[in-house]
Amino acid sequence: MSAMKALRDKNADLADLEKILNPTDVKSSVMPRWQRKALQRSDSSTSNDRFIPTRSAIDFDQAGHVMSSSENSSSSEGESDESKEARQVHADRLKAGLLDAESRVLAYKQKAPAPKAGYVNSLKVLYTAHGSQQVRKAKSTRHIPSAPSRVLDAPDLLDDYYLNLTSWGANNCVAVALGPTVYVWNAGTGAITELLTLDEGDDYVCSVSWLPGETGAGHLAVGTSAGSTELWDVAASRALRRMDGHAARVSCLAWNGHCLSSAGRDATIVHHDVRIRDHATGSCVGHQQEICGLSWSPDGTTLASGANDNCVMLWSAAQTGVRSQAPAHSLTDHTAAVKALAWSPHDRHVLASGGGTADRCIKLWNASTGINLNSVDTGSQVCALAWNPREKELLSGHGYAENQLSLWKYPAMARVKDLKGHTGRVLALCTSPDGSTVLSAGADETLRFWDCFGTAPAKKGKSRAAALSKGVVCIR
Amino acid sequence: MADGATSTISLRGSVDLVQEFFEYAINSILYQRGIYPPEEFRRVAKYGLSMMVASDDGLQTYLKKILAQLKTWLEEGDVQRLVVVVVTGVETNETLERWTFAVNACDTENAAPSTAGDIKAITKQIQAIIRQITASVTFLPLLDEACAFDLLVYTRKTAAVPGAWEDSDPKYIADSQEVKLRSFTTSVHSVEAAVAYKDHDA
Chain L
1 MSAMKALRDK NADLADLEKI LNPTDVKSSV MPRWQRKALQ RSDSSTSNDR FIPTRSAIDF
61 DQAGHVMSSS ENSSSSEGES DESKEARQVH ADRLKAGLLD AESRVLAYKQ KAPAPKAGYV
121 NSLKVLYTAH GSQQVRKAKS TRHIPSAPSR VLDAPDLLDD YYLNLTSWGA NNCVAVALGP
181 TVYVWNAGTG AITELLTLDE GDDYVCSVSW LPGETGAGHL AVGTSAGSTE LWDVAASRAL
241 RRMDGHAARV SCLAWNGHCL SSAGRDATIV HHDVRIRDHA TGSCVGHQQE ICGLSWSPDG
301 TTLASGANDN CVMLWSAAQT GVRSQAPAHS LTDHTAAVKA LAWSPHDRHV LASGGGTADR
361 CIKLWNASTG INLNSVDTGS QVCALAWNPR EKELLSGHGY AENQLSLWKY PAMARVKDLK
421 GHTGRVLALC TSPDGSTVLS AGADETLRFW DCFGTAPAKK GKSRAAALSK GVVCIR
Chain S
1 MADGATSTIS LRGSVDLVQE FFEYAINSIL YQRGIYPPEE FRRVAKYGLS MMVASDDGLQ
61 TYLKKILAQL KTWLEEGDVQ RLVVVVVTGV ETNETLERWT FAVNACDTEN AAPSTAGDIK
121 AITKQIQAII RQITASVTFL PLLDEACAFD LLVYTRKTAA VPGAWEDSDP KYIADSQEVK
181 LRSFTTSVHS VEAAVAYKDH DA
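These protein sequence lines are chains L and S, in that order. The opening residue of the first sequence carries number 1 in full-length UniProt numbering; numbering runs sequentially from there. The opening residue of the second sequence carries number 1 in full-length UniProt numbering; numbering runs sequentially from there.
Please note that the accuracy of each hint is not assured.
As the list claims (entries may be wrong) - Cut-off 20 Å, straight-line C-alpha distance, at most; resulting in silico cross-link-like pairs (SDA-like, lysine to any residue):
| hint | chain 1 | residue 1 | chain 2 | residue 2 |
| --- | --- | --- | --- | --- |
| 1 | S | K157 | L | Y108 |
| 2 | L | K111 | S | E40 |
| 3 | L | K109 | S | E94 |
| 4 | L | K111 | S | A146 |
| 5 | L | K109 | S | Q60 |
| 6 | L | K109 | S | F149 |
| 7 | L | K109 | S | E166 |
| 8 | S | K180 | S | A146 |
| 9 | L | K109 | S | Q69 |
| 10 | L | K111 | S | Q60 |
| 11 | S | K65 | S | S168 |
| 12 | L | K109 | S | T92 |
| 13 | L | K111 | S | D57 |
| 14 | L | K109 | S | V53 |
| 15 | L | K109 | S | L67 |
| 16 | S | K65 | L | Q110 |
| 17 | L | K111 | S | T92 |
| 18 | L | K116 | S | T61 |
| 19 | L | K111 | S | K124 |
| 20 | S | K65 | L | A114 |
| 21 | S | K71 | L | A112 |
| 22 | L | K109 | S | P170 |
| 23 | L | K111 | S | T61 |
| 24 | S | K65 | L | D203 |
Bear in mind the hints are in silico, worked out from the structure with no lab data behind them.
Go ahead and model the full structure; you've got the sequences and the hints to work with.
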């Protein structure tokens with residue numbers, strides 16, 4: 001009860017207070033009519049059945065005062081003049097620049113030497129490797145040797161961006177085309193065999209590619225400058241068949257099971273079924289200029305082709321049996337020829353492509369939608385790309401100025417390490433069948449082997465299996 | 001009063017510290033803001049950081065001359081602030097950036113005797129300023145034209161001015177934004193750093 005009473009008292013007090021504060025009762029006789037109306041309206045707004053915008057936010061008293069005091073505006077102008085003067089003085093003081101008037105600003109008469117003529121400051125300090133350690137780098141969790149584990153001489157290796165002259169097969173043999181000759185180097189034993197030499201005039205070998213997989217091991221496809229594609233049995237050192245279909249040199253080859261796709265200067269891709277008599281089963285026509293990159297996706301559903309017309313085209317495997325003129329996707333983001341193409345072994349449909357001198361970018365694509373996932377400017381021509389089969393890493397081979405191999409962390413595309421050693425641009429990259437070693441073929445006529453993909457866990461597994469079997473043997 | 005002469009920072013010691021700081025701060029600004037090509041700098045370990053110092057002879061001698069004079073003024077207690085001004089080419093001479101280092105002489109009489117630990121603390125404070133200068137590249141607008149720099153020294157009216165020096169205008173920036181950087185204090189001097197730059201949005 002007492003609480004209620006206290007509340008009522010308080011309410012009464014509030015009402016009194018309101019009465020005192022409410023200006024309508026006091027000033028109503030001198031207020032202009034419109035103001036009174038406005039006030040009434042604002043007062044009655046609470047009990048109104050119509051919607052009225054919140055006039056309480058508008059300060060009518062202030063507005064009224066401003067209007068009523070407009071007649072003695074002359075004096076206020078005088079004031080503003082005064083304030084102007086004051087402001088001027090203040091500005092002058094500021095201009096004098098001295099918080100305390102007792103200082104002098106001195107400068108040395110002789111000025112600093114100008115920077116070198118022609119030097120353009122683009123704040124490269126921040127963004128280049130030169131002279132600073134501020135390049136974005138990813139940490140590597142394993143040791144990556146910065147020197148090649150082995151260097152082989154490759155005299156007469158053609159320095160031609162458009163050719164694909166090395167291949168490392170499942171039988172652990174490396175096929176290298178040097179001029180008109182193809183050599184096979186056994187990585188296990190180190191034995192070298194000369195497979196073939198083109199003897200017609202100045203013909204040369206433009207591309208080599210091993211049939212992938214253990215079953216077909218020992219079969220090599222060879223593309224020549226005469227436009228023919230040959231299939232060789234390396235173990236027996238004999239040509240199995242010769243397949244035509246191109247009007248100019250065959251600069252790239254790609255296998256998809258028993259289907260060999262070849263492409264070259266005539267800008268067409270021809271699919272050969274190597275098992276049947278009429279080998280040419282279909283073709284893809286779409287590029288305008290020489291095709292220099294060709295790669296089937298690991299699942300065998302999509303063929304990626306890159307050409308001198310700066311286009312990357314993706315072709316569906318369903319159309320290998322017909323003459324196709326419409327690629328599934330045409331990716332036109334590169335601004336130079338695209339030779340380097342590599343499918344991710346980790347993510348389905350992820351394709352990496354690298355552009356030439358004018359482009360210098362590595363771009364990552366979703367091949368099923370044709371969407372560009374990422375793009376990095378490497379600062380140098382991208383001649384070759386290879387994925388690390390174990391880690392999510394991408395290795396790229398570059399040209400001028402460093403001729404380096406760069407290892408990138410995927411998908412962040414942060415540079416893990418640069419591998420330097422080549423004195424000419426890196427023309428091709430091949431991964432060993434066990435996935436631990438990468439072969440780079442340089443324009444300096446050397447082949448370098450880098451153990452940059454880490455040791456094979458397969459070995460560990462094998463040794464464990466061996467240990468297990470030993471254990472089993474012991475038990476028995 | 002100066003019983004621990006070896007451990008207290010005297011006026012002379014403080015002047016040396018401040019002058020050295022100015023040298024590295026100026027060099028850092030020149031390098032970080034790309035006023036001179038990065039090839040003309042060499043790496044030096046200082047304040048527990050790796051600092052870039054001009055290796056170009058002309059620039060080095062220029063800075064040395066200025067710093068020597070600055071030292072004399074510091075000893076006299078004449079310096080009020082040092083300003084590094086980044087201006088566009090000689091013709092237009094528009095100020096783009098203004099790095100201010102305000103020097104305040106503390107009351108030497110009341111200064112508590114400092115110990116060797118203070119040197120460590122001061123080094124830490126200086127480190128923080130240098131780090132801020134390095135980090136400032138991220139918010140300062142790009143200098144995408146050839147730039148030059150100038151050094152202005154605010155002194156007391158009574159300071160003795162050698163003939164090689166002249167009065168200059170303060171080279172203020174028209175619409176500027178100012179960012180205060182950290183400060184450091186020896187027992188004798190306190191130095192407050194700030195950078196003002198042309199605000200392109202204004």
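How the hints compare with the structure:
For a cut-off of 20 Å, the pair hint linking S/K157 to L/Y108 stands: about 17 Å separates their Cα positions. At most 20 Å may separate the alpha-carbon atoms for a hinted pair to count; L/K111 and S/E40 meet this at roughly 18 Å. Between L/K109 and S/E94 the alpha-carbon distance is near 18 Å, which keeps this suggested pair within the 20 Å criterion. Between L/K111 and S/A146 the alpha-carbon distance is near 16 Å, which keeps this suggested pair within the 20 Å criterion.
Straight-line distance between C-alpha atoms of L/K109 and S/Q60 comes to about 16 Å, which keeps the hinted pair within the 20 Å bound. Between L/K109 and S/F149, the direct Cα distance comes to roughly 13 Å. Compliance with the 20 Å bound is thereby established for this hinted pair. With a C-alpha separation of about 6 Å, the suggested pair L/K109 and S/E166 falls inside the 20 Å cut-off, and the hint holds. Our distance criterion of 20 Å between C-alpha atoms is broken by S/K180 and S/A146, whose separation comes to about 26 Å.
For the hint linking L/K109 to S/Q69, the alpha-carbon distance of about 13 Å falls within 20 Å, and the restraint holds. A threshold of 20 Å between alpha carbons decides the hint, and for L/K111 with S/Q60 the separation of about 13 Å falls inside it, so the pair holds. Between S/K65 and S/S168 the alpha-carbon distance is near 18 Å, which keeps this suggested pair within the 20 Å criterion. A distance of roughly 18 Å separates the Cα atoms of L/K109 and S/T92; the hinted pair therefore holds under the 20 Å criterion.
Using a Cα cut-off of 20 Å, the hinted pair L/K111 and S/D57 holds, with the two alpha carbons roughly 14 Å apart. Simply put, L/K109 and S/V53 have alpha-carbon atoms about 23 Å apart, too far for the 20 Å limit, and the pair is violated. The suggested pairing of L/K109 with S/L67 holds, with an alpha-carbon distance near 14 Å, which does not exceed 20 Å. Of the supplied pair hints, the one linking S/K65 and L/Q110 holds, its CA atoms being roughly 10 Å apart against a limit of 20 Å.
Distance check on the hinted pair: L/K111 and S/T92 sit about 16 Å apart at the alpha-carbon level, within 20 Å; holds. With a C-alpha separation of about 16 Å, the suggested pairing of L/K116 with S/T61 holds against the 20 Å cut-off. A hinted pair counts as satisfied when its Cα atoms are at most 20 Å apart, and L/K111 with S/K124 does not qualify at roughly 33 Å. Taking the CA atoms of S/K65 and L/A114, the gap is near 16 Å; set against the 20 Å cutoff, the hint holds.
At roughly 19 Å between alpha-carbon atoms, S/K71 and L/A112 fall within 20 Å of each other, so this suggested pair holds. A C-alpha spacing of about 14 Å is found between L/K109 and S/P170, which places the hinted pair at or below 20 Å, so the restraint holds. Taking the CA atoms of L/K111 and S/T61, the gap is about 12 Å. The hint holds against a cut of 20 Å. Between the alpha carbons of S/K65 and L/D203 the distance comes to roughly 70 Å, so the proposed pair goes past 20 Å and is violated.
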